[in-house]
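**Student:** Chain by chain, the residues:
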Amino acid sequence: MTDRLTCLLCPIGCELEVEAGGGDVRVRGHQCDKGIDFASEEVLRPKRNLTTSVPLKGTVDRMVSVRLSDRVPREMIFPILAEITTLRPSAPVRRGDVLIADVCGTGVDVIATRTVASSG
Amino acid sequence: MTVFGMGKHGNVGVKTQGFATPLERLRDVDVAVIGGGPAGLAAALGASRAGAEVVILERGKRLGGILNQCIHDGFGLALYKESISGPEYAERLMDDVGREGIRVETGAMVLDLSADKILRVNSRSGYSLVRAKSVVLAMGCRERTRDMIEIPGDRPAGVWTAGTAQNLVNLQNLRLGNEIVILGSGDIGLIMARRLTFEGMKVKGVFEILPWVGGLERNVRQCLSDFSIPLELTTTVVDICGRDRLSSVVVSRVDEALKPLAGTEREIPCDTLLLSVGLIPENELSKRAGVELSPATGGAVVDEMFMTSVPGVFSCGNVLQIHDVADWASFEGFVAGKNAALHARGEIPTRGTIVRITPGAGVRYALPQIVRRSAAGVDLHFRVTAPRRNVWIEARGSASGTIFFRRKFPRLLPSELQKIKLTTAIDEDLEVAAHD
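Chains as they are written, first to last, in our numbering: chain E, 1 to 120; chain D, 1 to 436.
Bear in mind the hints are in silico, worked out from the structure with no lab data behind them. Everything hinted at is true.
Non-contacting residues of chain E with respect to chain D, defined by C-beta distances greater than 12 Å in every case (computed):
id : residue
1  : G21
2  : G22
3  : I36
4  : S40
5  : A91
6  : V98
7  : A101
8  : G107
9  : S118
Straight-line C-alpha distance at most 27 Å; calculated DSS-like pairs for lysine-lysine:
id : chain 1 : residue 1 : chain 2 : residue 2
10 : D       : K419      : E       : K34
11 : E       : K34       : D       : K408
12 : E       : K57       : D       : K61
13 : E       : K47       : D       : K81
14 : E       : K47       : D       : K202
15 : D       : K421      : E       : K34
16 : E       : K47       : D       : K204
17 : D       : K81       : E       : K34
18 : D       : K287      : D       : K133
Small disclaimer: the values here were computed from a predicted structure and weren't measured. Positions of the beta carbon are idealized from the N, C-alpha and C atoms, including for glycine.
Here chain E stands alone, though its shape is the one from the complex (with noise of 0.2 Å):
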């Protein structure tokens, strides 16, 4: 089976077609080696980021900007956004901080992206 794909994995957006057949996947249209990795992935389970922001308790700043440290299973994005619905940081928060730590049991932590002193 043959799939045309787009590479994610920067603005280039390369063209990939992936040959999937007896555990064994080819590669075509990749202008680098991630290429690869990322085809054999996107077919067998593609992976995201996820970045959202919330609102935050203690500032003038009303929010802070959250991602994921690493990309997870994209059938986790939607559970992880109920997870991080719950929650209320307070100011301040530095860029980097660990906000939930192994996120739905993912190993991937939810980092703010964003520094945000108390008084804002």
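Since the structure of chain E is already known, use the hints to place chain D on it.
**Tutor:** Structure of chain D alone, referenced to chain E:
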């Protein structure tokens, strides 16, 4: 110079309560950078590392510009070799700016810029003048609005540009509505489609008048396909309906001349319409200074040093040309800033004899538009007019027909700003064209 006259005469009897009057406040700097986004921060770093005394004048409350609301990841791949979010990218540049000891003024709006590089600034501490040896324009861009694309219909609440929506959702925690239609397939529109889906809103479709997508391919896949959000090309919004609040839009397919096709109209109930229909470099200050602008880019005409037609005024980032990747706006900034520092020290030779680079068949624009004769190693930016496969890009001397650059690209898209290097010295006018 009128401004100085005012300054001198302004001294007369206008000291109040021990404070200097605004008219007395004139500061000299080597390099003034207007705008503190990805391009301006990099320009300030480039200038400071080249030994100049620099001030960043930022209109907003904090540095970072549009990066602050771009909470999605994918930034930094070129500059930091990892995928980070917009706020992280901004903070890293800001950390460097702090380490360099660069002077930063936020809440400082430059009201006017003259050709002799006097800036009138309204800041937290009042009105003041800055006299710079070099100026870097890094004001970024604005979004095209409903008026500019002339969508007919009612004038209800619920119609937003995608970037404004991004600010309201990501920074102010506001809910825009429940059922969303997005017109235009620029990157911000695609990213907002995913973002609003995460926030529990129903995105009913993305509609694009052109036969191709305006944003990056990767965003179509990770923002639309992942969530089964429909994308319809050669389709546009032809009517907006609703008394107080938007209640529906009418979409219609278009013909090759982009005119709506009668009989293809379809009404889509929705309470919110986002517009992601293009960005316009914000060049009001550049015009005040007399900077020559290019109709093709909407930004300044620059040479290979990123210097505009006004000596000592440089331009970089989205105010120069619309970028698809922030890293590239920063790379432009580093170079423009460094050259601004060199100019401030009198180390940039006057232009002398120049050659011109013009777009040919299949190329929308080429930048820089002007190059000092015999310059070598010039980075040339260009965009194609339409998607092309297996296309040759050729830079050819207009007089001699000499080929200065020739390479085959497997695929080129209008959404992608391309950069190539012209290694040999350019000694005649060039035309950059795309051939099959």
